[in-house]
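Heads up: the protein sequence lines correspond to chains A and S, in order. The number in my numbering is simply the position in the first sequence, starting from 1, with 286 added. The number in my numbering is simply the position in the second sequence, starting from 1, with 286 added.
Just so you know, the hints here were simulated from the structure itself, not pulled from any lab data. Be aware that one or more of the hints could be misleading.
[Said to hold, decoys possible] Listed next, the in silico DSSO-like pairs over lysine-lysine satisfying Cα-Cα at most 27 Å (straight line):
(1) K326/A / K326/S
(2) K326/S / K353/A
(3) K586/S / K326/A
(4) K326/S / K593/A
(5) K342/S / K586/A
(6) K342/A / K485/S
[Stated by the list, open to error] Chain S side only, calculated, beta carbon under 10 Å to chain A, not exhaustive:
(7) I331
(8) K342
(9) G371
(10) G387
(11) L399
(12) R410
(13) I411
(14) E412
(15) F416
(16) W420
(17) H424
(18) A511
(19) Q579
(20) S581
(21) V585
(22) L632
For clarity, every value in this text was computed on a predicted model and none was experimentally measured. Backbone N, C-alpha and C define an ideal beta-carbon position, used for all residues, glycine too.
There are 2 protein chains.
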Amino acid sequence: MPGIRPNVRAMAGYVPGEQPREDGVIKLNTNENPYPPSPKVFDAIRQTLTGDRLRKYPDPTGTQFRKTAARILDVDPEAILIGNGSDDILTILTRTFVPEGGCIVSLTPSYILYASLAEIQNARIEKVPFQSDWSLPHPWPVTDADLTFLANPNSPSGTVIDASAIQRLIEQCQGPVVLDEAYADFASCNGLAFARTGKAIVTRSLSKSYALAGIRFGFAVADPAIIREMLKVKDSYNCDVLSLAAATAALEDQNYFRTVRDRILATRTRMTAQLQELGFQVTPSQANFVWCQRSDRPVKPIYERLKEHRILVRYMNYPGYGDGLRISVGSDLEIDRLLAVLSDILT
Amino acid sequence: MPGIRPNVRAMAGYVPGEQPREDGVIKLNTNENPYPPSPKVFDAIRQTLTGDRLRKYPDPTGTQFRKTAARILDVDPEAILIGNGSDDILTILTRTFVPEGGCIVSLTPSYILYASLAEIQNARIEKVPFQSDWSLPHPWPVTDADLTFLANPNSPSGTVIDASAIQRLIEQCQGPVVLDEAYADFASCNGLAFARTGKAIVTRSLSKSYALAGIRFGFAVADPAIIREMLKVKDSYNCDVLSLAAATAALEDQNYFRTVRDRILATRTRMTAQLQELGFQVTPSQANFVWCQRSDRPVKPIYERLKEHRILVRYMNYPGYGDGLRISVGSDLEIDRLLAVLSDILT
Chain A
287 MPGIRPNVRA
297 MAGYVPGEQP
307 REDGVIKLNT
317 NENPYPPSPK
327 VFDAIRQTLT
337 GDRLRKYPDP
347 TGTQFRKTAA
357 RILDVDPEAI
367 LIGNGSDDIL
377 TILTRTFVPE
387 GGCIVSLTPS
397 YILYASLAEI
407 QNARIEKVPF
417 QSDWSLPHPW
427 PVTDADLTFL
437 ANPNSPSGTV
447 IDASAIQRLI
457 EQCQGPVVLD
467 EAYADFASCN
477 GLAFARTGKA
487 IVTRSLSKSY
497 ALAGIRFGFA
507 VADPAIIREM
517 LKVKDSYNCD
527 VLSLAAATAA
537 LEDQNYFRTV
547 RDRILATRTR
557 MTAQLQELGF
567 QVTPSQANFV
577 WCQRSDRPVK
587 PIYERLKEHR
597 ILVRYMNYPG
607 YGDGLRISVG
617 SDLEIDRLLA
627 VLSDILT
Chain S
287 MPGIRPNVRA
297 MAGYVPGEQP
307 REDGVIKLNT
317 NENPYPPSPK
327 VFDAIRQTLT
337 GDRLRKYPDP
347 TGTQFRKTAA
357 RILDVDPEAI
367 LIGNGSDDIL
377 TILTRTFVPE
387 GGCIVSLTPS
397 YILYASLAEI
407 QNARIEKVPF
417 QSDWSLPHPW
427 PVTDADLTFL
437 ANPNSPSGTV
447 IDASAIQRLI
457 EQCQGPVVLD
467 EAYADFASCN
477 GLAFARTGKA
487 IVTRSLSKSY
497 ALAGIRFGFA
507 VADPAIIREM
517 LKVKDSYNCD
527 VLSLAAATAA
537 LEDQNYFRTV
547 RDRILATRTR
557 MTAQLQELGF
567 QVTPSQANFV
577 WCQRSDRPVK
587 PIYERLKEHR
597 ILVRYMNYPG
607 YGDGLRISVG
617 SDLEIDRLLA
627 VLSDILT
């Protein structure tokens with residue numbers, strides 16, 4: 287194909303987790319929330335289903351959503367940028383800060399989309415390995431990146447980097463540090479304080495903790511001067527009227543959010559213990575998934591046997607870190623079934 | 287702000303048309319459809335409002351939408367790429383074909399977003415002026431562009447370039463030609479034949495002819511080999527479950543689509559004649575708006591007086607082409623009101 291940029295042609299392309307179309311599959315592979323979104327989300331969408339709302343363009347900056355999120359997160363509404371999923375925000379960040387031939391740093395093992403974003407931008411990706419205990423190396427080895435991505439909590443490990451280590455990282459990086467907090471609602475800490483003081487850029491997703499993967503909504507929190515630049519890069523109308531209504535209603539209903547989150551955390555505790563009893567090494571998780579490894583037997587056959595039983599988990603293999611299963615925290619029923627099948631497979 | 291790319295910092299940013307929040311404004315400034323989308327769109331959205339659909343990720347490639355669109359447009363489903371509005375498609379095209387320092391060609395006067403896309407990509411924009419009769423210059427002056435955008439029908443003129451002139455343009459361009467057909471459903475011809483044979487890339491929007499500006503949906507039709515490359519550049523889940531359901535239902539209901547379109551075309555004919563009677567030079571339009579100029583008096587005061595009467599139209603001023611009003615084809619009631627107020631203003 288003539289004209290395609292060589293960096294794009296050379297890409298394999300990011301491959302998202304499997305999305306089976308048939309029913310009856312227990313999906314523990316893409317960290318979706320096992321519970322539905324708040325009933326108020328459905329009400330808000332229904333109220334927006336008018337001819338006038340659908341036929342007219344949406345509010346380009348999502349004013350109502352930003353007011354709600356600003357109040358709940360205790361930040362300035364001007365410090366928030368709306369995104370069509372947090373992937374949209376990560377793309378906007380890349381285009382705002384990283385020139386062709388520039389440098390993006392991500393940790394490894396982590397979210398592999400960061401490398402795809404670098405490939406699309408024709409930038410270099412530098413992968414900094416986590417230490418074996420999932421802490422950051424010190425001193426930080428790449429200080430002159432245009433953008434440094436830290437998924438916190440990280441995937442697949444579910445671990446978090448604490449505030450003092452983030453502070454040290456920020457001090458060592460010339461370019462901005464992005465704290466990708468897609469899973470932060472399941473953790474005991476977050477980096478909003480760094481966003482409030484303009485020291486880092488925080489990205490959030492409503493896909494996981496608010497059970498809205500299907501409607502695509504994420505946002506960034508950063509210094510308003512940074513948000514103003516990112517606004518120039520985003521598509522004018524990147525969020526639609528229904529997802530704006532859904533996202534605003536989801537954030538408004540903090541009681542529902544906390545109830546669902548607490549259920550997921552309780553299930554996470556239980557499944558961690560039971561997976562350990564079944565012989566897995568389970569990294570203590572601060573996300574809605576757990577990273578399970580084994581030293582006594584290969585895990586890929588376990589993944590395949592689970593799939594035969596219509597249970598999807600994510601098999602991942604990282605040179606230097608070994609392979610493992612990343613298992614989403616499902617409903618209690620789903621996790622009971624997983625544990626029963628695993629028990630069969632392993633004995 | 288350290289780290290922001292100089293090309294982004296230097297940008298003014300694309301400013302979309304005004305979206306007043308208050309009720310009672312007659313909006314003839316952003317070419318929205320004056321009629322609601324098909325009732326089947328509302329049914330399809332309501333049927334998708336389940337906890338499972340909202341909490342799970344959508345189909346990344348919109349298989350069902352592509353099957354429907356392929357059948358209706360008589361193209362291969364693999365020749366279609368889904369987009370979060372056709373602006374998303376234009377962004378994906380830019381990133382697929384145009385390197386930093388590359389060259390984008392657009393005509394002028396035309397859709398000014400093309401220049402913003404070049405600025406974000408840190409590429410050069412070359413603006414080729416239309417001839418005074420809104421035809422293309424021949425020979426074509428910039429043959430080595432990475433991407434050439436032709437809005438067809440064009441905005442603000444509402445004019446179309448016919449197939450033989452498009453064929454000549456394609457033959458003269460080394461890089462791909464994009465036919466931006468956001469308004470093609472209101473025209474007597476379109477460029478799908480060029481997309482089917484791999485000679486051009488066609489982009490479409492559901493915002494105008496399908497009355498879905500609020501849900502953000504557009505798509506590209508191109509050679510499947512090009513679509514495969516563009517797939518690598520798009521965000522994995524760029525379209526949400528509700529907009530996919532809405533877009534599919536809208537395309538399925540071709541009877542409704544034709545009824546609404548025919549009403550708009552009838553209103554366009556009527557308003558063109560009456561605006562001419564009021565002393566405007568109205569360019570014959572093949573879109574859902576008309577471009578109105580005057581040689582006898584300035585038009586900006588007319589725009590301002592209309593705004594005082596809560597009627598929004600678009601005032602545009604292009605050096606070398608003069609200024610004018612781009613007025614969307616509203617409902618018959620809206621156009622009656624417009625014509626009555628104009629008659630008052632002008633006499």
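Hints, one by one, checked against the model:
no. : hint            : verdict
1   : K326/A / K326/S : holds (24 Å)
2   : K326/S / K353/A : violated (33 Å)
3   : K586/S / K326/A : violated (46 Å)
4   : K326/S / K593/A : violated (37 Å)
5   : K342/S / K586/A : holds (25 Å)
6   : K342/A / K485/S : violated (33 Å)
7   : I331            : holds (6 Å)
8   : K342            : holds (5 Å)
9   : G371            : holds (6 Å)
10  : G387            : holds (8 Å)
11  : L399            : holds (8 Å)
12  : R410            : violated (14 Å)
13  : I411            : violated (15 Å)
14  : E412            : violated (16 Å)
15  : F416            : violated (24 Å)
16  : W420            : violated (26 Å)
17  : H424            : violated (23 Å)
18  : A511            : holds (5 Å)
19  : Q579            : violated (26 Å)
20  : S581            : violated (33 Å)
21  : V585            : violated (24 Å)
22  : L632            : violated (29 Å)
In this structure, the earlier hints numbered 2, 3, 4, 6, 12, 13, 14, 15, 16, 17, 19, 20, 21, 22 are contradicted, and the remaining ones agree with it.
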